[in-house]
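Fit chain X to the known structure of chain S by using the hints.
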Amino acid sequence: MSFFLESFLSACRLAWSLNPELLTIVRVSLSVSCLATVFASLVGIPAGFAIAHGRLPGKRIIITLLNTLLALPTVVIGLFVYVFISRRGIFGPLDLLYTQKAMIIGQFILIVPLIAALTIAAISRVDERYRKTAKTLGANAWQTGLVVLREGRFGIAAAVISAFGRVISEIGISMMLGGNIKGFTRTMTTAMALEYDKGSFTLAVALGLVLMAISLGINVLFNLIQGRSSR
Amino acid sequence: MMLYALNKVLQRYNGRVALDIDHLEIEGGRIHALLGPNGAGKTTLLNILGFLETPVSGTMYFNGRAVEPVQKSLLHLRRQVVLVDQHPIMFSTSVNSNIEFGMKIRKIGKSTRQRMVDEVLETVGLSRYKTARAHELSGGETQRLALARALVLEPEVLLCDEPTASVDTENQAIIISLLQQINAERGTTIIFTTHDRLQAASLAQHTLMLENGRMANTTYENSYACTFHHNEGSQVRCILQGITEISLPAPPPGRPPIQTGRIHIAPEKITLERHEPQPRNGSTMAGAIILLMAEGEKIRVVVNVGVLLVVLIDQARYAELRPAIGETICLRLEADAISFLQE
Numbered sequence: 001m002s003f004f005l006e007s008f009l010s011a012c013r014l015a016w017s018l019n020p021e022l023l024t025i026v027r028v029s030l031s032v033s034c035l036a037t038v039f040a041s042l043v044g045i046p047a048g049f050a051i052a053h054g055r056l057p058g059k060r061i062i063i064t065l066l067n068t069l070l071a072l073p074t075v076v077i078g079l080f081v082y083v084f085i086s087r088r089g090i091f092g093p094l095d096l097l098y099t100q101k102a103m104i105i106g107q108f109i110l111i112v113p114l115i116a117a118l119t120i121a122a123i124s125r126v127d128e129r130y131r132k133t134a135k136t137l138g139a140n141a142w143q144t145g146l147v148v149l150r151e152g153r154f155g156i157a158a159a160v161i162s163a164f165g166r167v168i169s170e171i172g173i174s175m176m177l178g179g180n181i182k183g184f185t186r187t188m189t190t191a192m193a194l195e196y197d198k199g200s201f202t203l204a205v206a207l208g209l210v211l212m213a214i215s216l217g218i219n220v221l222f223n224l225i226q227g228r229s230s231r
Numbered sequence: 001m002m003l004y005a006l007n008k009v010l011q012r013y014n015g016r017v018a019l020d021i022d023h024l025e026i027e028g029g030r031i032h033a034l035l036g037p038n039g040a041g042k043t044t045l046l047n048i049l050g051f052l053e054t055p056v057s058g059t060m061y062f063n064g065r066a067v068e069p070v071q072k073s074l075l076h077l078r079r080q081v082v083l084v085d086q087h088p089i090m091f092s093t094s095v096n097s098n099i100e101f102g103m104k105i106r107k108i109g110k111s112t113r114q115r116m117v118d119e120v121l122e123t124v125g126l127s128r129y130k131t132a133r134a135h136e137l138s139g140g141e142t143q144r145l146a147l148a149r150a151l152v153l154e155p156e157v158l159l160c161d162e163p164t165a166s167v168d169t170e171n172q173a174i175i176i177s178l179l180q181q182i183n184a185e186r187g188t189t190i191i192f193t194t195h196d197r198l199q200a201a202s203l204a205q206h207t208l209m210l211e212n213g214r215m216a217n218t219t220y221e222n223s224y225a226c227t228f229h230h231n232e233g234s235q236v237r238c239i240l241q242g243i244t245e246i247s248l249p250a251p252p253p254g255r256p257p258i259q260t261g262r263i264h265i266a267p268e269k270i271t272l273e274r275h276e277p278q279p280r281n282g283s284t285m286a287g288a289i290i291l292l293m294a295e296g297e298k299i300r301v302v303v304n305v306g307v308l309l310v311v312l313i314d315q316a317r318y319a320e321l322r323p324a325i326g327e328t329i330c331l332r333l334e335a336d337a338i339s340f341l342q343e
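Residue numbers (this note's numbering), protein chains in the order written: chain S, 1 to 231; chain X, 1 to 343.
Don't take every hint at face value.
Negatives, chain X to chain S, calculated, CB over 12 Å [stated by the list, open to error]:
(1) G29
(2) H76
(3) H87
(4) P88
(5) T93
(6) G102
(7) S127
(8) K130
(9) H195
(10) D196
(11) Q235
(12) T284
(13) D336
Mimicking DSBU-like on lysine-lysine, the simulated pairs with C-alpha atoms at most 35 Å apart in a straight line are [to be verified]:
(14) S:K132 / X:K130
(15) X:K298 / S:K132
(16) S:K198 / S:K132
(17) S:K198 / X:K104
(18) X:K72 / S:K132
(19) X:K269 / S:K132
Computed far set for chain S versus chain X, every beta-carbon distance over 10 Å [as the list claims (entries may be wrong)]:
(20) S2
(21) F8
(22) N19
(23) I51
(24) I62
(25) V75
(26) Y82
(27) D127
(28) L137
(29) G138
(30) Q143
(31) V147
(32) L194
If you're looking for bench data, these hints aren't it; they were derived computationally from the structure. Heads up, the beta-carbon is just placed ideally off N, CA and C, and yes, glycines get one too.
Here chain X stands alone, though its shape is the one from the complex:
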């Protein structure tokens, strides 16, 4: 049984559609990454998953039961799901009182509360701050305290909005390892939002993509603002971010002489070649490899062709090519690699 199931969920703010999900299922006990650019609807979706917002329409199931938009029912559900904000705010009390808050509400006895506070502070490495004022902590420590405040409640689901976006690298590592530990030890379902595709790939077992409030089938990476230049005949040149030129196999919709827009190049539809390939229907270019990374069954290759282009190749192709960081490599775009994005 799926932990969450959302059907035709729509959320609007002042008439503007912030989220429009046709169907979404989220499995329990795993770490899920929610990827998307700013304004994609990630935070709105987290708020809905955390029962902090009720969508204007649609149905939602949690643990197989329909979620009723009734205060009593929502309160019961909220006590199983905790959301940690991107910029968490601490109550103007001590670290200890901040962590105790949720337990007091759940009417947990004082001695148990104190034992759990000590344990969770030990877990997040903040034991020495137990009696300190929560507002006196640094940004990274505040983020860890917010996690402690959530984890002490042993929620079934932990929602984290950009958990590492505003902390230094040391705290990022601590937070990431903490999330992995909680998932592994307690089986807590973790859903976190991020812009960072690499972080999503390294931490999450499942990735969800949002674009313009909708679930997207592809990653938003390799999406570029560009200018289309229509040459004589049917050939169209496309200048990516004013830097890199590629030829388009098909013209974009509408045909003024110069047109701006956005395109998406599918990372799995780019072929790497050691030597300049003969152009067929696609476009070719060359660039230096700046990153190589294993990502499940695939290998992620980031090539600098003026803009950073992500290529996903399978392991067999990788073994065949043996590309190295810094090496110049040729890329060939398949005919169906490029799609035009709506503004």
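Looking at chain S on its own, in the form it has when it is part of the complex:
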């Protein structure tokens, strides 16, 4: 117990002192996860919207496929991307392996299905009368789509926040595609795993505290958005 308490207090001091190494790790984590979330949103939201709002053939199959992809382990995605970007892979000449770009690609693949699936759920929940009302008031297909999108905005925002929460806390992709290089591709989760291996708990617990604080912030934001959506 005293060991845990000691580690916890040291971690708090480390976090409070804004240790440069800790800050670098947090910065890398946030920038990689934010960029992956932005790119995935740019693809996932329109895709989810098109699937939910449009009259696509095989819609149910696509939704089933997306739901299946939600359960894909991060290490499988890591392995899959590795095959393509390793020296022997078709994208080998681009020198992506063990870079932040590779991590972003992997995380992008991880959360595109999540954002698309949650966008589909959010758009499907939008009352059908919004579409009918927009049409009878003279809106064309594009304007009607924008109305539906606006009415589903809180659900979509929740999808993006969920996706960010997923990538900031994943480890498989970051470890396999980033390589855990100090100051470059070391993220909070990979650093915590390394510190654990070394038996040095102070930095690991400090990073854990930061990660938990971020998760708490995301959840508070998520609940605020959900609350507003249900009003």
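Structure of chain X alone, referenced to chain S:
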């Protein structure tokens, strides 16, 4: 020229026929009531008239021009016809933005938009809610806002699906007077659906009846679920809604000993008498008068004979009889007053 003309219009949902109209013409500039029970196809017809649904077959003319099921053409037509739902939904923005929506789409300038929003809010009596969130309005206010959102676009046709069904009496009166005002001042054609025969009679200049997706020649009022009891000989007793018994002049189709079905008693084929008439081929009964109302050339009399029976008599007969509310009166059904309805 008729505003709408529909020929052989058929609409199906999952193989089930929702609407099957052989021929229908609707004149412009008037208020039309669309009467019918639940599932009669009223909302489907409104959606088709509002160009929100395309029928699976049939031809439709609007202002003498054939309606082409092409998006561009339908969009142009939709901008002349606005439908107000029975349970209208407001965009999750302010009252002002909700009303502005259709005008923005029509690219009307901001200053004109604001002037028109102010005017229409004044008309529907919601000026004080201009900046309020639309979702915060009550049911009656929402209905009025939905009307405002439609009226601000000055449509040629205003379609209203049960405009007063889910609002209180105060809001009902406001909505009815608003519809009359819009029709009188702007000449807007108004087509509204209702279950309420009295409302249809008081508000509309023309009434259309739908039953099982088809245009009906008679009102569905005086339609009752009943049980037929075949007595010895050819006499058949009919128990209306398990309460009131009448004798049928002719047996219903098929003759099991006890049979259930629906009958319709034509309101104009019931004769009122001060004294018990001698039964001839029809059936007689007595009941208290509970409502008297002028309806065009006719007088509507509602008599409680166990079930409420509507009778339509002409004004001369009314002047002769001078019936009063609460008075007991005798009714005689003509031989051809009763018809058997298909289930």
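Now the hints, each set against the structure:
No beta-carbon of chain S is positioned within 12 Å of the beta-carbon of X:G29; the least distance is around 21 Å. X:H76, annotated as away from the interface, has a beta carbon of chain S within 12 Å; the closest lies near 9 Å. With a cut of 12 Å on Cβ distances, X:H87 falls inside the contact zone with chain S, its closest approach being about 7 Å. Its beta-carbon lying about 7 Å from the closest one in chain S, X:P88 breaks the requirement of being farther than 12 Å from that chain.
The beta carbon of X:T93 sits about 8 Å from the closest Cβ of chain S, which is not more than 12 Å, so the claim that it is off the interface is violated. Distance check for X:G102 against chain S: the nearest CB is about 4 Å away, which does not clear 12 Å, and the non-interface claim fails. The claim that X:S127 lies off the interface holds: its Cβ sits roughly 21 Å from the closest Cβ of chain S, which is beyond the 12 Å cut-off. No Cβ of chain S approaches the Cβ of X:K130 within 12 Å, the least distance being about 18 Å, so the stated non-interface status holds.
Distance check for X:H195 against chain S: the nearest CB is about 21 Å away, which clears 12 Å, and the non-interface claim stands. The Cβ of X:D196 sits about 23 Å from the closest Cβ of chain S, beyond the 12 Å cut-off, so the non-interface label holds. Against chain S, the non-interface label of X:Q235 holds: every CB pair exceeds 12 Å, the least being about 53 Å. At roughly 50 Å from the closest C-beta of chain S, the C-beta of X:T284 stays outside 12 Å, upholding its exclusion from the interface.
Non-interface call for X:D336 relative to chain S: holds, since the shortest CB-CB distance, roughly 43 Å, exceeds 12 Å. Only pairs whose Cα atoms come within 35 Å are accepted, and S:K132 paired with X:K130 is accepted, the gap being roughly 24 Å. For the hint linking X:K298 to S:K132, the alpha-carbon distance of about 40 Å lies beyond 35 Å, and the restraint is violated. Taking the CA atoms of S:K198 and S:K132, the gap is near 61 Å; set against the 35 Å cutoff, the hint is violated.
A hinted pair counts as satisfied when its Cα atoms are at most 35 Å apart, and S:K198 with X:K104 does not qualify at roughly 64 Å. Of the supplied pair hints, the one linking X:K72 and S:K132 holds, its CA atoms being roughly 17 Å apart against a limit of 35 Å. For a cut-off of 35 Å, the pair hint linking X:K269 to S:K132 is broken: about 43 Å separates their Cα positions. A cut-off of 10 Å between C-beta atoms confirms that S:S2 is not in contact with chain X; the least separation is 54 Å.
With a least CB separation of 45 Å from chain X, S:F8 remains clear of the 10 Å interface cut-off, as annotated. The non-interface label for S:N19 is consistent with chain X: the shortest C-beta to C-beta separation is roughly 45 Å, beyond 10 Å. Every CB of chain X is more than 10 Å from the CB of S:I51 (nearest about 21 Å), matching its label as outside the interface. The Cβ of S:I62 lies farther than 10 Å from every Cβ of chain X, with a closest approach of about 23 Å, so its non-interface assignment holds.
Its beta-carbon lying about 42 Å from the closest one in chain X, S:V75 satisfies the requirement of being farther than 10 Å from that chain. Distance to chain X confirms S:Y82 as a non-interface residue, since its nearest Cβ pair spans about 45 Å, more than 10 Å. Once the 10 Å rule is applied to beta carbons, S:D127 is inconsistent with being away from chain X; the minimum gap is 6 Å. Under the 10 Å C-beta cut-off, the non-interface status given to S:L137 relative to chain X is violated; the minimum distance is some 4 Å.
Some Cβ of chain X comes within 10 Å of the Cβ of S:G138; the nearest lies about 4 Å off, and the non-interface call is violated. The beta carbon of S:Q143 is not kept farther than 10 Å from every beta carbon of chain X, the shortest such distance being approximately 6 Å. Non-interface status of S:V147 relative to chain X is broken: a Cβ of that chain comes within 10 Å, the nearest being about 7 Å off. Even its closest Cβ contact with chain X, about 47 Å, leaves S:L194 beyond 10 Å, as expected for a residue assigned away from the interface.
Violation of the numbered hints given earlier is confined to hints 2, 3, 4, 5, 6, 15, 16, 17, 19, 27, 28, 29, 30, 31; the remaining hints are satisfied by the structure.
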